[in-house]
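6 protein chains.
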Amino acid sequence: MFLSVEKLVNEIKKDKPDPAAARALQEGLGGQFGEMRTMMQYQFQNFNFRGDAKPFRDIVRGVGTEEIGHVELVANTINILLDGASTAGGKPDQPDTLPLANALDGDGNIHHFLVAAQSSRPVDAAGNPWSALYVYDSGNLVLNLLYNLMLEATGRLQKCRLYQMSKNKAFRSTVSYLIVRDLAHEKAFAKALEVLGVNWGNVLPVPKIDTAKMPEVKELEKKNMHNQQWTFAKDSQMAKIFKGPSPFGDGELETLDGLPEGFEVPQLPMRPEEFAPGLDAGLLEKVGGITGKSSKKEAVA
Amino acid sequence: MFLSVEKLVNEIKKDKPDPAAARALQEGLGGQFGEMRTMMQYQFQNFNFRGDAKPFRDIVRGVGTEEIGHVELVANTINILLDGASTAGGKPDQPDTLPLANALDGDGNIHHFLVAAQSSRPVDAAGNPWSALYVYDSGNLVLNLLYNLMLEATGRLQKCRLYQMSKNKAFRSTVSYLIVRDLAHEKAFAKALEVLGVNWGNVLPVPKIDTAKMPEVKELEKKNMHNQQWTFAKDSQMAKIFKGPSPFGDGELETLDGLPEGFEVPQLPMRPEEFAPGLDAGLLEKVGGITGKSSKKEAVA
Amino acid sequence: MFLSVEKLVNEIKKDKPDPAAARALQEGLGGQFGEMRTMMQYQFQNFNFRGDAKPFRDIVRGVGTEEIGHVELVANTINILLDGASTAGGKPDQPDTLPLANALDGDGNIHHFLVAAQSSRPVDAAGNPWSALYVYDSGNLVLNLLYNLMLEATGRLQKCRLYQMSKNKAFRSTVSYLIVRDLAHEKAFAKALEVLGVNWGNVLPVPKIDTAKMPEVKELEKKNMHNQQWTFAKDSQMAKIFKGPSPFGDGELETLDGLPEGFEVPQLPMRPEEFAPGLDAGLLEKVGGITGKSSKKEAVA
Amino acid sequence: MFLSVEKLVNEIKKDKPDPAAARALQEGLGGQFGEMRTMMQYQFQNFNFRGDAKPFRDIVRGVGTEEIGHVELVANTINILLDGASTAGGKPDQPDTLPLANALDGDGNIHHFLVAAQSSRPVDAAGNPWSALYVYDSGNLVLNLLYNLMLEATGRLQKCRLYQMSKNKAFRSTVSYLIVRDLAHEKAFAKALEVLGVNWGNVLPVPKIDTAKMPEVKELEKKNMHNQQWTFAKDSQMAKIFKGPSPFGDGELETLDGLPEGFEVPQLPMRPEEFAPGLDAGLLEKVGGITGKSSKKEAVA
Amino acid sequence: MFLSVEKLVNEIKKDKPDPAAARALQEGLGGQFGEMRTMMQYQFQNFNFRGDAKPFRDIVRGVGTEEIGHVELVANTINILLDGASTAGGKPDQPDTLPLANALDGDGNIHHFLVAAQSSRPVDAAGNPWSALYVYDSGNLVLNLLYNLMLEATGRLQKCRLYQMSKNKAFRSTVSYLIVRDLAHEKAFAKALEVLGVNWGNVLPVPKIDTAKMPEVKELEKKNMHNQQWTFAKDSQMAKIFKGPSPFGDGELETLDGLPEGFEVPQLPMRPEEFAPGLDAGLLEKVGGITGKSSKKEAVA
Amino acid sequence: MFLSVEKLVNEIKKDKPDPAAARALQEGLGGQFGEMRTMMQYQFQNFNFRGDAKPFRDIVRGVGTEEIGHVELVANTINILLDGASTAGGKPDQPDTLPLANALDGDGNIHHFLVAAQSSRPVDAAGNPWSALYVYDSGNLVLNLLYNLMLEATGRLQKCRLYQMSKNKAFRSTVSYLIVRDLAHEKAFAKALEVLGVNWGNVLPVPKIDTAKMPEVKELEKKNMHNQQWTFAKDSQMAKIFKGPSPFGDGELETLDGLPEGFEVPQLPMRPEEFAPGLDAGLLEKVGGITGKSSKKEAVA
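Chains R, A, U, C, E and S, in that order, are what the protein sequence lines are.
Sequential numbering of the first sequence, starting at 1, is according to this note's numbering.
Sequential numbering of the second sequence, starting at 1001, is according to this note's numbering.
Sequential numbering of the third sequence, starting at 2001, is according to this note's numbering.
Sequential numbering of the fourth sequence, starting at 3001, is according to this note's numbering.
Sequential numbering of the fifth sequence, starting at 4001, is according to this note's numbering.
Sequential numbering of the sixth sequence, starting at 5001, is according to this note's numbering.
Bound-form chain R, shown alone (with noise of 0.2 Å):
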């Protein structure tokens, strides 16, 4: 079973609308190596998990948990960075702007708008649909932990290249996080093959940055946070194996028990001309008479 805790796992930062970005962080979402895939490979293997191994299932489950999160988090974010993208503006050449005239824009995805009301889809930044193509489970622990390590590790690589496309704070903010924690993700499964053998040399982490160059990133490791990680459940035995030093010698690894304490959910106002929510002043004030709030109107295009 599982709780949802109406809480984001990190703030993101206020910017101007841009669908381009949000377009791009889509692969973040619903991408062969975004946090849809994770999350589902990662409670796959927790489900299907043979022999007497906790410590193993409980690094897949913790991680996991944490991805619907991420999950939640990318949603989110592409949210903010398509709320009133639309009604900024039009094409140049249509002086008599139309409310939803830049959903033609080809740097953006036209689904955001006419389909998904200026929100997030479950598809990558080619405009592909998720497929469960995608989730690898093959009951062996070694290959999957050293797939988990590789899937960890494209994240991060992809999620690097975002960081080079734009300068949006609200994209950025995800963005930054993300390469920090793909990266204590990397070190879990890193560090489970290591009890199990394996010395790392210094092949990893991949990618290899130079975060004097990514400040938001930087922030983010001064407080250790590429070291940590939660373990999103009660009784979890993660701390048997996330411990001690980093298998890439930057730093001690550390297990917190729970979840952290997370930032508002942000709330996104009515669209009229993406008939969203689509309430008439009837419906609104229905909807009020339950909420408890006097109704407000809104207008239908």
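Simulated from the structure, these hints should not be mistaken for lab results.
Treat the numbers as computed from the prediction; the structure is a model and nothing was measured.
Do not take every clue at face value.
Cut-off 27 Å, straight-line C-alpha distance, at most; resulting in silico cross-link-like pairs (DSS-like, lysine-lysine) [said to hold, decoys possible]:
id, chain 1, residue 1, chain 2, residue 2
1, E, 4243, S, 5243
2, E, 4169, E, 4223
3, C, 3007, U, 2007
4, E, 4007, S, 5007
5, U, 2293, C, 3213
6, E, 4243, S, 5007
7, A, 1243, A, 1223
8, R, 234, R, 218
9, U, 2007, U, 2222
10, E, 4007, S, 5243
11, U, 2016, U, 2169
12, S, 5234, E, 4293
13, E, 4286, S, 5240
14, A, 1222, A, 1167
15, C, 3016, C, 3169
Fit chains A, U, C, E and S to the known structure of chain R by using the hints.
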């Protein structure tokens, strides 16, 4: 954020392995109207929710969080239906029986043995991988509720059909549980539309079943589980909607705070014929050193 | 625009239910070379037709409209092969037979029972959903005709293979009809290329069959149905091309105006074990009030 | 069986080519809630219909047959938006303009030029091919009606969003027509549920729009087209349901027998830069011999 | 560029046709971890290789070229398992046996008979078509090597499972060969990471098998084939890495220049019941005139 | 078996990076009518060939082996069009330019930068992954030849359209080469059908082009490359068919034994902004130790 609670939401009865039933039950996991879909659909509707209507959002979020636990339940049930199936005997025309010979039986899904080491896969009963094309979120509140109602009813319809395909007790215990829970979810979305003004008359629920012929279902309905809804969250406002008479006239709705007590998560044994987890004596010793238990030897096939 | 004429283009013979034959026949409905594909391909070529060459367009449009009726015919045949299959008996090792027990039989497609209530699905014989990736329209007239010729020949090839898989009369009546009609369509496209200058020698038709061994096919060819083509339209100029000697030297082509007389569309009974249509006494009464017939009660399983 | 009537169901206004609008409109053709989907879904529900309830079947069949004509209408509109787009000019930084240079513009769909010779494709606005995974038929009458209602409302929602993306007159004329027709279809399915006992209150229709801001839509509604439904068949019993007050309280429903008069199907010119239809002087002469018109020469690029 | 050498890389033993084994072996051809995937993945990594590190590129290129031959080997093995399977007899309840009756048997893949004329298909054991979504190339050398290592180990794991599904000699000869070659490939990528600094301890290879129970595998390992690697190229620098002790401590690595001698490519007979190749007497005569052999008559079914 | 020859089959001219052209050219690599498809289709037809007709098999095998080299050529061309594209400058509104800022430009494929480190991907111009659904092998010789002819003509048609989209010299050199080679392949399959009895009249080739307007194409045709076919094999009997007058009346066919001399394979530099190959000083030193060259330092971004 989400917290993993190491309990199953319902108990899985014990019975013989049954790969054909396992294959069928995959529809409830990775099918178009299965638990992966409800989970992802409701989470996306939750993340992308627009407007000031927290009780409506909390219904979607609460049911959506329960569904993560349903994914876990169905995956575990499939595992129990598969575990040991291959070594129970081979094809009749192969007297010197091979450990995985009955993987070739067309009534089952060969990937259960060849890819997943006798455990669950993110596919449907026909072997098609789950696709994010299934996820529906229009941004429009009435449409989302209408879709969710239809989705729960279709899921329940399919589970009622599954019920009539096999008497395997492990299979039946989970299928019956889902028939009851899907009914509660049907009510949640039907009620949310009712408070917005719809009167359903007698068209719902779908399907209309005679539980006198479904004793496992009747048993659970006696506990009123078809009228209850846990919040799977704190500070949920779900109860502002999920209360009062059932929209189908069959009892009184009841919102329960938090999550149920739950049942032990089954533990799968090692399967040397699948090389799962595939640890030799040396690696088992290392694992034992971490878990603090004396090592057990696993024979490699 | 299109008009629906409530008749089937051919008669479906009666025989026992046969889910394995139904599964096989799905290739003719939702397969890569099945009727959904020919229908969509020709309609797209029709809608997108370039240049002043109405007789060529009318061949594509006419055959493409016939194909909608073929989709209808194959779907109805699958329905007849499925209807009642589940209640005819269960698996031998389940004496206390369940209504849908033989849905688990690997020779059939479990979705026929679990998803579609014993009726047809838009998938192929291996269960893959139909995809618009199949549709070919290059805009180039010669290429389109060449592709269509190859498409009809491949469809006919597969139907000749299907013919040799089962003797079920319902199955055979439709398969034989399609073998004959696909031959007529092969001729339509071969002739259109012939009038542009190709001489086919003796390479066509594909496949070359001995109808002496296929009595149902021979029967239809005696009626010259392999040389006839209805226009399925008014004001068609198809006859400017589809006339004269068959390009395969086996008769004289004949264009017929409009559409054939047709046969009764079969009516499927209620299936309570599938909850289809799933109406209880109250709803049946309401339906009866509309149809003007006295209500019939449907037992809910 | 079906008959092809060589008329469009609505008139397409003339305007400048606009590949970005053409790409967007693809959602209405090959999108998950576009016309290919409604057409195939309703036809499958029609073919697979169970029980003695012809008026319900005839609603599904009638609307489903209208949808084939909608596929035709949208495809033709896309063609008009594309035709000549490539030769209208190139990218600003390529002074010596190439005939197909603006195919590279990311606002459009490159396949429109590269694959389809400036015409429509069976894909959505993001370029994903149409998939039969979209087709829903549960065999259960109430669920099918509920789904169809939701489907029409979602289609209409998307068309209302499209309306606000472009003012191109060809685009707008078809989008507006579909907004009106989808409303009539919403009513058809809402009414069918109403006669079974549902009272919709004020939640429908979805979306609720202000036609004062949508003059093209208002124009069509003045003709009462949002309350009318042609049978697109003979001997239809649709009128037993589609009559009386609109379930949304906005007029009186009216069933019309047969099909509307219709409008001329546009004819696309030859496009030598696309090699479509790609006939040289010799082949054009042969075509001319068949059509009975004097041959026209097509320059090959 | 590539050169086709008309030899198979290993010999396929003779045995009875076995469509169920053929279906299973498809995983090794078109599965996510099959030969089409390794071939395409390594070729893309080869084409896209960055930096001045030819020995690493030559390992990827050399193994990737061997894999084209593996695709050929597995396809040929499937063909041998299928050829003649249909005429060997029909279903027990169809006494007057049809030539293709056992195509309906659910243990096999019906497309083998219906689409491919008793030969191989680019799909996996569950019938899913191969997808380029499988191909991984990150551009990062360490990640690519890590992925390739995991890929070879997973492929070998699946082949070890296949080994235990059937004793058919044709099936076993190819499966055993691939178990040995995948081990050599595991070593190639493990060694490449070793020279960059990784010490694998005892976690590899995966899976750890007991070849005493796999005589066909043991036979090939006696020839040291699990430590050898042909370059499948000239001027390869692979040997700068693939040399010295095996990273798994089981022998000495050996790079061999060029390609092995190979074995005869099997020749498939005509199958009239499949209309393959489908030549009538006239066409056979023409073919005979070209090959210079006297024509053979093929009976058309 | 196959041998890798470290040469490109044609020379790629040098020009500026052009991500939009790279995206378009992906159609020639991973498109439905691109080189991955011809390669896989012909290899499957080769492996599955039935009957005693080696010259026909050798045509399929020879062209199919050339196609592997075409995959290589197109991938390399895309790489050259992409390499350095990201650092050449950013979006105009981002003065402090980011290294990967123009990855967000909708004219390109963002995956080229985000996933593939400025190199090729197995997808088409619209970003859809290559699918084995494209591969056609019916087992029927005439149909396979007819399909292959149509396939080559469609591939050539698309390349002629590509030619008119961009003047980039790297792009044009490869596109022009393929226009010529696809013509030779059209002739190969047209000739094979001709020897079986077809007379093509004047319908072929498709498309009919005016090479006077395509100087790069004309240049290659002057070398008679549109009438030549290398065997890409030893002991090929292709020449028994590919000889004599072109079936299109434009020269004399010529079979050449073996493979052409070829051109240098381009070498891609390190791209630190993509972390490709991502080696730090220590790892570069290790690589240098293996290659025997002094190490070069790569700055990490």
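For each hint, the structure was consulted:
no., hint, result
1, E/4243 / S/5243, "violated, 48 Å"
2, E/4169 / E/4223, "holds, 20 Å"
3, C/3007 / U/2007, "holds, 23 Å"
4, E/4007 / S/5007, "holds, 23 Å"
5, U/2293 / C/3213, "violated, 46 Å"
6, E/4243 / S/5007, "holds, 26 Å"
7, A/1243 / A/1223, "holds, 17 Å"
8, R/234 / R/218, "violated, 30 Å"
9, U/2007 / U/2222, "holds, 23 Å"
10, E/4007 / S/5243, "holds, 26 Å"
11, U/2016 / U/2169, "holds, 8 Å"
12, S/5234 / E/4293, "holds, 21 Å"
13, E/4286 / S/5240, "holds, 12 Å"
14, A/1222 / A/1167, "holds, 21 Å"
15, C/3016 / C/3169, "holds, 8 Å"
The structure is inconsistent with the numbered hints 1, 5, 8, although it conforms to all the rest.
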